[in-house]
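Participant: Sequences listed follow chains C and D, in order. Residues 0 to 648 (numbering that gives the first Met the number 0) make up the first sequence, in order. Residues 0 to 648 (numbering that gives the first Met the number 0) make up the second sequence, in order.
A portion of the hints provided could be inaccurate.
No copy labels: a pair is met if it fits in one copy or bridges any two.
Keeping only pairs whose Cα atoms sit at most 20 Å apart, straight-line, the calculated SDA-like set for lysine to any residue is [said to hold, decoys possible]:
1) Lys576 with Arg602
2) Lys576 with Gly604
3) Lys329 with Leu508
4) Lys264 with Asn361
5) Lys264 with Pro503
6) Lys86 with Arg493
7) Lys177 with Asn147
8) Lys177 with Asp254
9) Lys264 with Asp207
10) Lys491 with Ala239
In case anyone wonders, no lab produced these hints; they're calculated from the structure.
Number of protein chains: 2
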Amino acid sequence: MSVADSLTQKAAALGKLAVRMCTDAGSGHPSSALSLAHLTTEILYRRMRHDPANPWHRGADRLVLSEGHAVPIVYAAWADMGGMVGKSPTSKHALRPAEVAGLRDLKTELDGHPNPAEGFPFFDAATGSLGMGLSVAAGLALGARLDNSQRRVFCIIGDGESREGQIWEAADFIADHKLTGVCTIFNCNGQGQAGFVSEQQSAERLADKMRAFGWEAVIIDGHDPAAISAALDKFGRTTAPLAIVAKTLKGWGVDALLKGNWHGKPLPAGELAAADASLDRAAGTTTNPSFPAPPAPAGVSISHPDPREVAWPSFADAMSAGGLGGALQKNALATRRAYGAALRAAGEILPQVVVLDADVSNSTFSEMFRENPKTRERFFECKIAEQNMISVAAGLSAAGYIPFANSFSKFLSRGYDQVELASISRANIKLVGSHSGISLAADGPSQMSLNDVAFFRAFTTARGDDRSTPLCHIYQPADAVSAYQLTQLMVKQRGMAYMRTFRPDVPLLYAHDQKFEPRGFHTLMTGSDLALVACGYMVHVAKQAAALLEKQNRRVTLIDAYCLPLDDERLYDALRKAGGRALVVEDNYGAGLGDAVAAIAARRGGLRVEQRTVSRIPKSARSAEEILDYCGVGPQQIADHALAVLASA
Amino acid sequence: MSVADSLTQKAAALGKLAVRMCTDAGSGHPSSALSLAHLTTEILYRRMRHDPANPWHRGADRLVLSEGHAVPIVYAAWADMGGMVGKSPTSKHALRPAEVAGLRDLKTELDGHPNPAEGFPFFDAATGSLGMGLSVAAGLALGARLDNSQRRVFCIIGDGESREGQIWEAADFIADHKLTGVCTIFNCNGQGQAGFVSEQQSAERLADKMRAFGWEAVIIDGHDPAAISAALDKFGRTTAPLAIVAKTLKGWGVDALLKGNWHGKPLPAGELAAADASLDRAAGTTTNPSFPAPPAPAGVSISHPDPREVAWPSFADAMSAGGLGGALQKNALATRRAYGAALRAAGEILPQVVVLDADVSNSTFSEMFRENPKTRERFFECKIAEQNMISVAAGLSAAGYIPFANSFSKFLSRGYDQVELASISRANIKLVGSHSGISLAADGPSQMSLNDVAFFRAFTTARGDDRSTPLCHIYQPADAVSAYQLTQLMVKQRGMAYMRTFRPDVPLLYAHDQKFEPRGFHTLMTGSDLALVACGYMVHVAKQAAALLEKQNRRVTLIDAYCLPLDDERLYDALRKAGGRALVVEDNYGAGLGDAVAAIAARRGGLRVEQRTVSRIPKSARSAEEILDYCGVGPQQIADHALAVLASA
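Isolated chain C, as found in the complex:
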């Protein structure tokens, strides 16, 4: 039997399984799965160097299925290979063909879209929100390069999803970084969900686009084994990155699914026999040929130090090493600068710390990492393309690295969909936004982050797989010491974290060796009239308000709530001690810190909480003071609000 015949026979056998599992699940995408039957078979059985018995093998080639809804064909192959599933090597078991009937069942590892965290470690990242896979593949390839590993990354992209701009950000990034270890396959089945794909996403147009982006592109028949094999033979032999544009049939091999535009609907159970027969005809046989094991993965040995164990330089030493000794002496140091020095220190002591920036490294101060000869090679310039940056970070995390992705806080919102997918992947990514809030003033609202705390705070209300750690920590340092210590926390803690630094220089609030903790806060002043609760730049504004109140003989407690989520019990006690009344002030719109405090008060009772947040759309102003006042969060407004609260008491 020819190789080509056997490939088609295997493709048909997997196709039957894929169609059946969708019918069993009562939902799913059999037609998209079938369009990938030949490509999946060739890649998983003959091209990828991997060990189905050990999908955790760090030397194994990777597959990113960007077109996540086509996953049934991969589940079918994995079951046919007896590949291992499970949330860890200690809880693994071989997937049996009968088990794929559990597709999309709460109790199985077979989620509706690739979801490694639920027990399918063959995949590295959750996909399903479209257009992200190529960026994840780029991150995995960067990780392989850093590992000096020969492992390669295959990435399958749908034609419809290639409309997503992120694909083109990734195409630029892969070209810039010469990541020829990524083999990109476009699956052109010509159909989207609501209709046929645009001519702009035709195979010919896609190939032209890839070439214009500096790639090598070949167009093939995605159901012709010989053509697939010849195209994949090019992988690793081209100087430019390789794109294989495959023309396929949505519903290949099943007459019922080839009619019209069949998307996202399983076949009725009554039509399964006809579908099997149809696939048998396509294969010319009813048998499922047995294939040899795929090529074995290359060995690889990487051992990174435990980030919780390493010793950090003193604050003063780290600042001096970052060239901030003078600023420290002047006692005027922006949190973004101190963060840059912290990042530089982290890079020197931990080889797994990597840094990405989106053309603003001289604003975020990630340039301190870029310019350090000891860490320079682990800095990746992503240019002005934040979506790609965040998904690349997710890929680097899956490869075992600790990526810090940097931009203005405002511009990180460009990648919130990618942040959500990274969360589903349980990615260990650190997002750091500079110029947060409104204190940057002059540039105006298009550069100000106003919804960011609300967005990330939603994550802090849910728990990770251990049922105790929040899905994300938000850190808002108020001074350089905080920024240095909180950066250390971000490195030590596994999981997503978001740090908000700001533009203006501010004096130190803390001793150099002050400790900071997850869910922690610090009390900077104590008074029994009322508590002012703030974080980040607003701590300094609240301090001015406290001084104004002192002139009125009002003594307030000032709390720096540098972390979300908060330690409910400790904060409750602190606020009770402060007179049971709190005024929370923020330099963003609401649904942030103020609500976090209000939620505690509303649950426990015995506390009254008022909030002042940015009350209107900001505009440009010459100074932070002006814009804070314009937005209703200036020192005098805070003091007046506090006095009104006290008067009503």
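Based on these hints, arrange chain D on the given structure of chain C.
Facilitator: Chain D alone, transformed into the frame defined by chain C:
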């Protein structure tokens, strides 16, 4: 004097003004502004058909400066022309050259980036977060087409920002819709913020990319008046959309700014004289030539009915017209379907209602608008590119239309940065997300919206220019009647609104003529033990919980909080009547409705509020019931929580 010479002289004169205003402001981007000196002069003085005395003229050509930080050169031209500024025609005044010293001042209309709402109506939309302008231009061009107006749109894009994937989404969209009324100019000055732009963004590469996207592209010297003129002569004469790729100098004409990579820094005051002299040399004169008025705008007469005045069909008639009569009789109708019927009705009675979708119109049910011959022409398929869709909607809003942009709630998060910029533009856009929350179950977390309520809620805490209307309303209909009535509210109210529809069919909760109001809520059951507060799908889950509690002889009040923000006073009173204890339940992560209620309680006192939100990352499940239970928000869990609260009372 030759036309070319006079253009360079005018460019130099404007350049002087642009450099000086940045120095006066103490910040800004003089070098980027100078790279556009010739192009801006040719476009504003000689190409655009507009009336500087009336920037509100609806027949006038438009300019979208996607590269917003280069705005000083436009301010310089506007001041030189004596163009009108002001927040409305009744408060307008001519901008004088001396006034540009007020750049970035709190009291002026000259924001750091284009910001029409602060009094610069020459622009249509806020820019500054990069890569969005071409999509806005596409929306403006669609508006012109709908108006049967001959007005055209010029769009200037930076080379660095062309890395943003959204540019390529817009390129596809403009090609799909043959929007040859957009003239796209790439400003290739070769420099970004932190460094030089990638070869991937070189003029040659950009031209190749545009051609591969089906455009016509020409490369010119952006400081050669003859070349600029010849290229702009092509505009309107090409069958494919036209891209002019201009090679420019960042800092043109000013020796000090041409050295190295000078970005975003003004010149010291002491260097202004030298800068002026340098520009005089470049122009060969010190004089600012006077130019004739630009070509006049074409007349245009559009009058749309007032959306607050039109009469809507009855609920039953609207559902029947949408083909939902049968579902209504079965009393099982998903909110997304009822919304589709509402959209269909809105389109029939209001010619300014337009609809966009991202290839999921058969899931969002915007297909009811697409398939209606009376409204079909106002449906714009954006394919799988949500960022572009949202910015196109912002452009359509600026053109006087009421755009509804549709996708899964989850996928709208792809465009949150664009939503934030639309808010700064005070855009009248309506965002509708289907499959919200977790009730879609089987597809898994990559398709579930979990942070969306928190993100949009941040907007609801700030106020618009009237200091009373929230920046956004969030509507969460629990049944078909709600979906129909709330869609009407979205149409009637100016400003941003976000509606969350869901997948499952549910019974009606309301009489067909039930009224709904901004900040409103409805009480579905009354009991004095405790209040259950929910919205959307969770109202039905809370109802089941209430039934379980009734079995325990506990009578609860059930509140459908269909709008955010809430009417604080009314809700406070309702909760007090219900026993002063509330349990809020949501099918998303926290920082949403529960915190909105908690914030009221914490401010007022006398109320205790508990919350149940999605407590962990969801996965696929076969039914809504299963996944709700898995995430901690099933009926029994809600009932148990309520009993625990009551036991502790």
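Participant: Hint by hint, note whether the structure agrees.
Facilitator: Status of each hint after checking the structure:
In this homomeric assembly, Lys576 and Arg602 come within 20 Å of each other (Cα to Cα) both inside a single copy, at 18 Å, and across copies, at 18 Å. Proximity of Lys576 and Gly604 under a CA criterion of 20 Å is satisfied in both settings, with 14 Å inside one chain copy and 18 Å between copies. Proximity of Lys329 and Leu508 under a CA criterion of 20 Å is satisfied intra-copy only: 14 Å inside one chain copy versus 65 Å between copies. In the homo-oligomer, the alpha carbons of Lys264 and Asn361 lie at most 20 Å apart only across protomers (13 Å), although the nearest pairing inside one protomer, at 50 Å, exceeds that limit.
In the homo-oligomer, the alpha carbons of Lys264 and Pro503 lie at most 20 Å apart only across protomers (16 Å), although the nearest pairing inside one protomer, at 55 Å, exceeds that limit. With identical chains, the CA atoms of Lys86 and Arg493 are at most 20 Å apart within one copy only, with a shortest distance of 17 Å there and 50 Å across copies. In this homomeric assembly, Lys177 and Asn147 come within 20 Å of each other (Cα to Cα) only inside a single copy, at 15 Å, whereas the closest approach across copies is 48 Å. For a Cα distance limit of 20 Å, the shortest separation of Lys177 from Asp254 qualifies neither inside one copy, at 42 Å, nor across copies, at 36 Å.
Taking the shortest alpha-carbon separations for Lys264 and Asp207, neither the intra-copy value of 32 Å nor the inter-copy value of 39 Å comes in at or below 20 Å. Taking the shortest Cα distances, Lys491 and Ala239 never come within 20 Å of each other, neither inside one copy (38 Å) nor across copies (54 Å).
In this structure, the hints that do not hold are numbers 8, 9 and 10, in rising order.
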